[in-house]
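In order, the protein sequences belong to chains A and B. Mapping the first sequence onto our numbering, position 82 (from 1) lands on 82, and the numbers just tick up by one. Mapping the second sequence onto our numbering, position 22 (from 1) lands on 22, and the numbers just tick up by one.
By construction, these hints were calculated from the structure, which means they are not laboratory data. Among the hints, erroneous ones may be present.
In this list, chains with the same sequence are indistinguishable; a pair is considered to hold if it fits within one copy or across any two.
Here are the simulated BS3-like pairs of lysine-lysine, each with C-alpha atoms no more than 27 Å apart in a straight line [what the hints assert, rightly or not]: (1) Lys-89 / Lys-21; (2) Lys-106 / Lys-46; (3) Lys-90 / Lys-21; (4) Lys-111 / Lys-31; (5) Lys-21 / Lys-114; (6) Lys-2 / Lys-109; (7) Lys-2 / Lys-93.
Number of protein chains: 2
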Amino acid sequence: MKNSQPNGLHFIFELFGCRQKEIDDIEFLKKVFKKSLEKSSAGILKKHFYKFNPQGVTGYVLLSASHISVHTWPEKKYAAFDVFTCSGKKETKRIFQNIIESINHKEIKLKKIKRGFSFIDKNNG
Amino acid sequence: MKNSQPNGLHFIFELFGCRQKEIDDIEFLKKVFKKSLEKSSAGILKKHFYKFNPQGVTGYVLLSASHISVHTWPEKKYAAFDVFTCSGKKETKRIFQNIIESINHKEIKLKKIKRGFSFIDKNNG
């Protein structure tokens with residue numbers, strides 16, 4: 001597989017007030033990630049999910065254009081997500097939208113970070 | 001395995017002016033990550049590295065306390081890293097320091113992001 005261009009957009013977001021059962025359900029979270037990538041142009045290189053004892057799930061999907069990840073703390077009704085892709089702004093947004101529409105929550109905190117753009121544009125062409 | 005506390009510190013950093021051969025060397029990058037986690041209290045749940053054709057490496061280590069990742073573009077002498085842990089500020093810094101000391105580079109861009117702290121402290125105790 002060929003690498004993508006190093007023009008990354010990284011959405012870091014936290015969901016608060018989630019349903020405990022939902023974010024403790026490893027199969028549910030696998031499905032959410034699968035669905036969020038359905039229309040994606042990014043190739044899936046590897047995925048892995050893990051269920052903690054007594055609670056909590058952690059998982060990631062390694063993409064040809066970076067990665068997406070989830071770490072959940074059901075006891076706090078809290079989940080932390082990363083969507084880092086190099087396949088364009090629209091795609092990053094679509095994956096992000098798919099995830100937040102699939103998971104019940106009361107509040108969201110989102111940070112958008114451009115990666116690789118500025119320095120490369122100015123100094124390497 | 002038991003989940004960590006949801007008090008995360010996420011270092012997002014980019015290295016510029018890297019040596020092309022070094023950041024195109026999958027075995028080298030595996031060793032850098034292995035070494036960076038040697039004194040870590042975080043359990044390693046899964047790791048996966050992939051070498052692109054003709055160039056570039058992407059890799060991910062899923063930890064009991066979140067994750068570390070690397071995506072490299074040797075043709076731009078550029079590499080993007082994430083160190084997201086929930087095992088304390090010192091540990092996040094140690095892993096970060098280990099990585100940047102192991103990889104030749106000319107410039108670094110670093111963002112430090114607290115995750116999970118503020119909302120949880122104020123609203124959920």
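Do the hints match the structure? See the list:
no. : hint             : result
1   : Lys-89 / Lys-21  : neither (32 Å within a copy, 30 Å between copies)
2   : Lys-106 / Lys-46 : neither (31 Å within a copy, 31 Å between copies)
3   : Lys-90 / Lys-21  : neither (31 Å within a copy, 33 Å between copies)
4   : Lys-111 / Lys-31 : within (24 Å within a copy, 31 Å between copies)
5   : Lys-21 / Lys-114 : between (33 Å within a copy, 26 Å between copies)
6   : Lys-2 / Lys-109  : between (33 Å within a copy, 26 Å between copies)
7   : Lys-2 / Lys-93   : within (23 Å within a copy, 32 Å between copies)
Taken one by one, the earlier hints fail for this structure at numbers 1, 2 and 3, listed in ascending order.
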